[in-house]
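Number of protein chains: 2
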Amino acid sequence: MTGHAIRTTQAPAGSTKKRGRLADGREILYFDECDHAVHADDKRSLDSASTSSVMRRDNVLGEWVTIASHRQDRTHLPIEAECPLCPSTPDHQTEIPSADYDVVVFENRFPAFSTPSAPTDGGSPSEESSERLFEHRPGSGRCEVICFTSQHSLSFSQLPPSRVQTVLNAWIDRSVELTTLPNVEQVFCFENRGEETGVTLSHPHGQIYAYPFVTPRTQRMLENARGYQRTTSRNLFADLLEAEIECGDRIVIRGRHWTAFVPFAARWPLEVHLYPNRQMAVLSDLSADEQEEFSSIYPALLRRMEGAFGFPLPYIAAWHQAPTHVDRELPYLHLQITSIRRAPGKLKYLAGSEAAMGAFINDVLPEEAARLLREARA
Amino acid sequence: MTGHAIRTTQAPAGSTKKRGRLADGREILYFDECDHAVHADDKRSLDSASTSSVMRRDNVLGEWVTIASHRQDRTHLPIEAECPLCPSTPDHQTEIPSADYDVVVFENRFPAFSTPSAPTDGGSPSEESSERLFEHRPGSGRCEVICFTSQHSLSFSQLPPSRVQTVLNAWIDRSVELTTLPNVEQVFCFENRGEETGVTLSHPHGQIYAYPFVTPRTQRMLENARGYQRTTSRNLFADLLEAEIECGDRIVIRGRHWTAFVPFAARWPLEVHLYPNRQMAVLSDLSADEQEEFSSIYPALLRRMEGAFGFPLPYIAAWHQAPTHVDRELPYLHLQITSIRRAPGKLKYLAGSEAAMGAFINDVLPEEAARLLREARA
Numbered sequence: 031m032t033g034h035a036i037r038t039t040q041a042p043a044g045s046t047k048k049r050g051r052l053a054d055g056r057e058i059l060y061f062d063e064c065d066h067a068v069h070a071d072d073k074r075s076l077d078s079a080s081t082s083s084v085m086r087r088d089n090v091l092g093e094w095v096t097i098a099s100h101r102q103d104r105t106h107l108p109i110e111a112e113c114p115l116c117p118s119t120p121d122h123q124t125e126i127p128s129a130d131y132d133v134v135v136f137e138n139r140f141p142a143f144s145t146p147s148a149p150t151d152g153g154s155p156s157e158e159s160s161e162r163l164f165e166h167r168p169g170s171g172r173c174e175v176i177c178f179t180s181q182h183s184l185s186f187s188q189l190p191p192s193r194v195q196t197v198l199n200a201w202i203d204r205s206v207e208l209t210t211l212p213n214v215e216q217v218f219c220f221e222n223r224g225e226e227t228g229v230t231l232s233h234p235h236g237q238i239y240a241y242p243f244v245t246p247r248t249q250r251m252l253e254n255a256r257g258y259q260r261t262t263s264r265n266l267f268a269d270l271l272e273a274e275i276e277c278g279d280r281i282v283i284r285g286r287h288w289t290a291f292v293p294f295a296a297r298w299p300l301e302v303h304l305y306p307n308r309q310m311a312v313l314s315d316l317s318a319d320e321q322e323e324f325s326s327i328y329p330a331l332l333r334r335m336e337g338a339f340g341f342p343l344p345y346i347a348a349w350h351q352a353p354t355h356v357d358r359e360l361p362y363l364h365l366q367i368t369s370i371r372r373a374p375g376k377l378k379y380l381a382g383s384e385a386a387m388g389a390f391i392n393d394v395l396p397e398e399a400a401r402l403l404r405e406a407r408a
Numbered sequence: 031m032t033g034h035a036i037r038t039t040q041a042p043a044g045s046t047k048k049r050g051r052l053a054d055g056r057e058i059l060y061f062d063e064c065d066h067a068v069h070a071d072d073k074r075s076l077d078s079a080s081t082s083s084v085m086r087r088d089n090v091l092g093e094w095v096t097i098a099s100h101r102q103d104r105t106h107l108p109i110e111a112e113c114p115l116c117p118s119t120p121d122h123q124t125e126i127p128s129a130d131y132d133v134v135v136f137e138n139r140f141p142a143f144s145t146p147s148a149p150t151d152g153g154s155p156s157e158e159s160s161e162r163l164f165e166h167r168p169g170s171g172r173c174e175v176i177c178f179t180s181q182h183s184l185s186f187s188q189l190p191p192s193r194v195q196t197v198l199n200a201w202i203d204r205s206v207e208l209t210t211l212p213n214v215e216q217v218f219c220f221e222n223r224g225e226e227t228g229v230t231l232s233h234p235h236g237q238i239y240a241y242p243f244v245t246p247r248t249q250r251m252l253e254n255a256r257g258y259q260r261t262t263s264r265n266l267f268a269d270l271l272e273a274e275i276e277c278g279d280r281i282v283i284r285g286r287h288w289t290a291f292v293p294f295a296a297r298w299p300l301e302v303h304l305y306p307n308r309q310m311a312v313l314s315d316l317s318a319d320e321q322e323e324f325s326s327i328y329p330a331l332l333r334r335m336e337g338a339f340g341f342p343l344p345y346i347a348a349w350h351q352a353p354t355h356v357d358r359e360l361p362y363l364h365l366q367i368t369s370i371r372r373a374p375g376k377l378k379y380l381a382g383s384e385a386a387m388g389a390f391i392n393d394v395l396p397e398e399a400a401r402l403l404r405e406a407r408a
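Chains as they are written, first to last, in the working numbering: chain A, 31 to 408; chain B, 31 to 408.
Bear in mind the hints are in silico, worked out from the structure with no lab data behind them.
It should be emphasised that the depicted structure is a prediction, and the values quoted were computed from it without experimental measurement.
The C-beta atom is built at its ideal place from N, Cα and C for all residues, glycine as well.
Treat the hints with care, as some may be off.
[Stated by the list, open to error] Here chain B is said to cover these stretches of chain A; the calculated rule only asks that three of the stretch's residues, wherever they fall, bring their Cβ under 8 Å from a Cβ of chain B:
hint, stretch
1, 88-98
2, 123-135
3, 197-207
4, 210-222
5, 245-252
6, 307-313
7, 391-397
My request is simple: use the sequences and hints to build the entire structure.
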């Protein structure tokens, strides 16, 4: 099978989107900062990857767990010359057929969620199952990879504002489009960075998951926000932001449109939440001004975090957006950045109390973390 | 300050318990397999450690998070000659003053929870606080360390049944006694093993936490068990065990009194639950026969896990017991053993989906893990 031709389909503000297909049929989307970028076809001979993930119901915790055993064979820390996220060269065909790119998104070859072309073994709906306690469903949905730059050794903190804007365009585009897929209940844009966080590829990239369920954390956030609204008629997240600003001890950056703070009950040694100053549900609700300020404030925040706790910093950056179909008014869009680095050279691990009981013990005082971040150089 | 004299206070079946104090006033308890063991006084000059942990309410998730910033300075991977859990020698005074011991329990010098002798800064109850969204309480409770053997290089899997019985005696004794402390809502006995799990001391040991709240995981387990009982009039855990036995695909060991299985919706590449075959709330409900079979079946299970996924195996072993004051009839005592090893040389990390959204993706098919464990040598 060969790659399909590239076609331009839509142009989000400030960048041009072009769609194509990889050799095994997966979709690839280029977000170009220049109108006349030309992208090559995928010249590889690539069989369709067999993906057959299954969601299983954990009745003890009331949560879905995804079993994706085909992922065991995925690419693991390749040397730079074999990086599958760099642009292709005549000698080395990667996941990105082009000789260069700005921001590119493509379907993961080893997805945790995908839309199977045919029903799979694990795909029978639970209603037909005689095993009431062993409820399972196909792991339908979609998993995409997003590359932030073609430069292998950069980090997100080093991107210029114009590039962050292009990444934001891609996040917004994907969040809107994936929401329209059947069965998708929540879209999650995130970046895992650092070998200590289990990242198998070091090229600057993130991921976008379109889940077929509302994730456990979001469910609990919504339950608490609903309870708070019932008793106070107010929005929990808006009140939390206001209280953090009023207190001030844990504020890291106070922008015109965004505020970054270490939460009062931070679970991780380094945990920062970045809130827009007004409530909204999803990334596509951001105004042009809010997008513009984000594009400089977020990399500056990352640089402060790297300055205070050491570079390169392992971290997880997670966008909390409203679910697709329920509770659009309760949530409050925000970006949560957490690191397991508790001091230069020391990591925080999830051990018995956290991993088995969900009871977090944080060795770093949130006010002290905020002070370190305020004093660090952006 | 010098150590207090040792006194024998109580004798659980099969072992003798002797109580003493360490130089800074912390309690130490020896569980001796031989009646006439003699234990030395603590000869160190040791200042009282300053401990002032605070529980903070995370309103977004509705959970308590413990901030214990004094723990940042705790002992980190000392070389064997400096192991603080080995018996003392004339040249090297450790946390255990005696020249030898079987099983010993003592209060953690760097506890996440403790009963402060005087009110601390963070200790004002939230009712008096004007900051409704910043609720906090003193981190009262107790944290104990339990050493399974005086031999530095052994692992739990290598303990003879007689020693496992002594450890079980100690777990039962501590679970019963700590339950009587003021504010204690749940007692949690666990073992973290392996540097990959963040263990800072390699000597075979576990920990016992007496929490001032019901942990988040236990709360959710109880909610689901309550919902199940309401609709079926049956016990969720008993039905799950029965369904696992009936299916058989995930059973690892089927004993007369205990059953070990990989759960249907396992979150971790290697996850085994060890259930007694009859429902009970806490460790002290175990009969003599059940204790005896556990003492051989549990180390055999650990040997199978090490055989299938490699020795030494990083793991967390966590006892799920009923909370102290609520819902004593819903829970089902069991031991949950999880490992982040997903293949020899490969680890599973918690990344964005798991850490930020609580949505677990497991790359190992539970039936395949169970097969590997059944075929491994005990």
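Here is how each hint holds up against the structure:
Remark: the stretch 88-98 of chain A is confirmed as covered by chain B, as 11 of its residues place a Cβ nearer than 8 Å to a Cβ of that chain, reaching the required three. Given as covered by chain B, the stretch 123-135 of chain A fails the check, having 0 residues with a CB less than 8 Å from a CB of that chain where 3 are the minimum. Evaluation of the coverage hint for the stretch 197-207 of chain A: breached, as 0 residues show C-beta separations to chain B shorter than 8 Å, against a requirement of three. Against chain B, the stretch 210-222 of chain A contributes 4 residues with a C-beta closer than 8 Å to a partner C-beta. That satisfies the three-residue criterion, and the hint holds.
Residues of the stretch 245-252 of chain A with a Cβ under 8 Å from some Cβ of chain B number 6, which satisfies the need for three, so the listed coverage holds. With 0 residues having a beta carbon nearer than 8 Å to a beta carbon of chain B, the stretch 307-313 of chain A misses the requirement of three or more and the stated coverage is violated. Counting residues of the stretch 391-397 of chain A whose beta-carbon sits less than 8 Å from any beta-carbon of chain B gives 6, enough to reach three: the coverage restraint holds.
Violated hints for the displayed structure, listed by number in ascending order: 2, 3 and 6.
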